[in-house]
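There are 2 protein chains.
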Amino acid sequence: MPEFRQNMLTHEWVVIATERAKRPEDFVKSAVEKPPLPEFSPKCPFCPGNEGQTPPPLETLERDGRWQVRVVPNKFAALQPDVPFKAEPHGRFLKATGYGIAEVIIETPRHDMTLAAMDRQAVEDVVGVYKLRYLSAACKDKICFITLFRNHGLRAGTSLEHPHSQLIATPIVPPHVRNPIEQAVRYFDSHGQCIYCEMLAEEVRMGERIIAETEFFVAYAPYASRTPFEIRIMPKIHQASFGDIGGREASDFAASMKMILAKVSKGLADPDYNFIIRSATVGDEKDKYFHWYMVIIPKLTTPAGFEIGTGIYINVTYPELCAEFLRSVAV
Amino acid sequence: MPEFRQNMLTHEWVVIATERAKRPEDFVKSAVEKPPLPEFSPKCPFCPGNEGQTPPPLETLERDGRWQVRVVPNKFAALQPDVPFKAEPHGRFLKATGYGIAEVIIETPRHDMTLAAMDRQAVEDVVGVYKLRYLSAACKDKICFITLFRNHGLRAGTSLEHPHSQLIATPIVPPHVRNPIEQAVRYFDSHGQCIYCEMLAEEVRMGERIIAETEFFVAYAPYASRTPFEIRIMPKIHQASFGDIGGREASDFAASMKMILAKVSKGLADPDYNFIIRSATVGDEKDKYFHWYMVIIPKLTTPAGFEIGTGIYINVTYPELCAEFLRSVAV
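Heads up: the protein sequence lines correspond to chains A and B, in order. Under this note's numbering, the first sequence has 189 at position 137, and the numbering climbs by one with no breaks. Under this note's numbering, the second sequence has 353 at position 301, and the numbering climbs by one with no breaks.
There's no promise every hint is true.
Which copy is meant is left open, because identical chains are indistinguishable; a pair holds if it fits in one copy or across any two.
Stated by the list, open to error - The list that follows gives simulated cross-link-like pairs (lysine-lysine, DSS-like), each with its CA atoms no further than 27 Å apart: (1) LYS138 - LYS351; (2) LYS338 - LYS81; (3) LYS81 - LYS351; (4) LYS138 - LYS192.
Hint data in this document are derived by calculation from the structure and do not stem from the laboratory. Computed from a prediction, not measured in an experiment: that's the story for all the values here.
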């Protein structure tokens with residue numbers, strides 16, 4: 053029988069639809085094999101030797117005399133850092149200048165590398181640069197919210213193959229972000245606890261959706277997963293902002309992220325995916341009620357009219373089965 | 053320069069990103085030509101002669117002794133009409149039985165027909181059946197919210213080619229639906245007006261995003277369009293529920309929908325699309341503050357990590373240009 057499940061924080065519902073249920077293995081069978089990438093692609097603007105094709109770097113992490121991670125302004129930026137932010141009416145509507153920060157984090161010189169396959173030090177370098185750019189964006193005038201994210205493959209919205217993540221920082225906090233924060237505040241006011249801490253504790257207590265646990269992090273398939281293999285990596289201790297991550301935590305987070313991405317890549321035949329690091333709004337790093345996390349969303353299904361119209365996602369697989377499947381993938 | 057625009061109702065923002073701006077014509081150039089469909093497909097469960105492959109029909113509209121529109125329960129239903137609805141705790145979480153209604157509206161016997169190409173009477177028949185099934189679902193026990201929608205093509209989430217729409221009715225109202233209603237109530241409490249009526253009046257006054265106007269409906273590209281060629285068809289007079297549509301209005305709605313879909317199909321080389329008819333919650337048909345509408349979303353771009361993480365959509369085209377382009381497509 054199908055069942056509804058509610059997200060404890062947002063109160064949004066999903067349907068786990070057993071009538072069209074798929075076994076995790078079915079997603080592997082339907083995967084399209086991708087041709088291997090070259091180590092170096094002469095026309096790629098992110099490959100070594102083509103540095104002139106990007107704007108000058110904002111940050112460079114070097115090892116053995118060559119760059120290992122390189123951060124550049126997004127050449128096709130949706131937002132511009134050099135315009136003053138100003139909101140003003142447009143008839144009855146409201147518009148604002150497109151002020152904001154848009155950066156590209158080139159994760160490795162190797163065109164064919166992945167976060168899953170990199171050595172651990174290289175992933176730690178990427179996470180270190182994430183933190184550096186996060187803190188740098190948080191210092192900028194009027195920046196209220198910072199999103200770190202990664203689009204892997206065409207179905208995830210990128211056509212650039214070279215491994216890269218992005219940071220976008222905005223002077224506005226959208227309701228999509230503010231609404232869950234308000235819910236978390238209300239929960240805190242009633243229960244005196246961070247709701248994320250409570251959700252995580254309940255996931256750990258039930259156990260069946262846990263994928264992996266490291267010293268500081270738990271990776272799990274949430275109870276009300278919207279899509280097959282939706283995964284969250286969440287710090288065990290209460291921490292509102294990714295920007296506040298300490299050195300040992302950052303190293304452990306890199307290990308957890310690498311392991312989970314390796315399990316996804318090996319277990320599901322390198323699916324396209326998005327990941328997002330969601331943090332507290334800027335200035336609210338010390339909040340008791342918000343809790344940062346990474347969400348990984350493999351693109352295995354397509355949201356359709358019902359999902360768009362209602363926000364209720366029909367998920368064709370139990371997260372319990374996804375977690376069990378990923379636990380069993382040896383990496 | 054890029055600009056932010058705010059949705060007057062939801063307060064969500066979009067970015068119109070001129071740095072990657074595309075002309076409407078660019079979407080046509082990148083379209084993949086689809087092979088023509090046969091009039092009849094022997095293996096299609098929705099084609100005449102294969103009626104035994106679907107569950108028994110819930111409704112049949114006949115003309116000249118054969119069915120023209122046929123409604124059947126969804127064989128792979130995400131929700132089931134024959135289970136009692138019951139919500140109960142699952143540890144600290146909340147789950148509920150998968151009670152609900154899921155129907156498929158087969159729009160025509162012809163495998164290769166489209167709403168854009170049908171004659172007007174046939175589209176009126178489809179709209180008439182939409183209304184009938186809407187009203188039928190609204191009578192059912194515990195049903196709170198009804199969504200009529202259509203997925204056209206693979207990128208819109210369907211693999212079934214035969215022209216069909218769907219109805220899904222749920223015993224729950226998700227926050228995704230309730231939040232905008234609450235905003236509309238608050239606006240009404242402050243302004244004494246339906247915010248949708250006011251938005252529509254402002255769109256008509258500004259004029260530059262209007263695509264077409266019929267006796268009872270306006271079709272336009274919203275000021276804060278999230279994606280290229282997002283289109284709304286909205287009744288001019290205040291009406292909260294699609295179920296309340298009158299006979300002359302329904303006929304005019306069919307004409308407007310057919311014309312807009314024809315413009316989209318011809319102008320943009322038959323893109324995949326979703327459409328959704330969004331109505332007031334069941335029992336709230338007489339509300340002063342909600343206003344039903346249809347939204348059409350051609351699948352021309354892919355939402356990525358930033359959109360998923362923030363709800364801020366980066367739209368690469370001005371809705372003004374999309375409206376101008378569609379106005380000029382002769383149908």
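Hint by hint, here is what the structure shows:
Taking the shortest Cα distances, LYS138 and LYS351 never come within 27 Å of each other, neither inside one copy (36 Å) nor across copies (32 Å). For the homomeric pair LYS338 and LYS81, neither the shortest alpha-carbon distance inside one copy (46 Å) nor that between copies (50 Å) is at most 27 Å. In this assembly of identical chains, the alpha carbons of LYS81 and LYS351 lie at most 27 Å apart whether taken from the same copy (15 Å) or from different copies (26 Å). For the homomeric pair LYS138 and LYS192, the shortest alpha-carbon distance inside one copy (15 Å) is at most 27 Å, but the shortest distance between copies (50 Å) is not.
Hints 1, 2, counting from the list given before, are not met by this structure.
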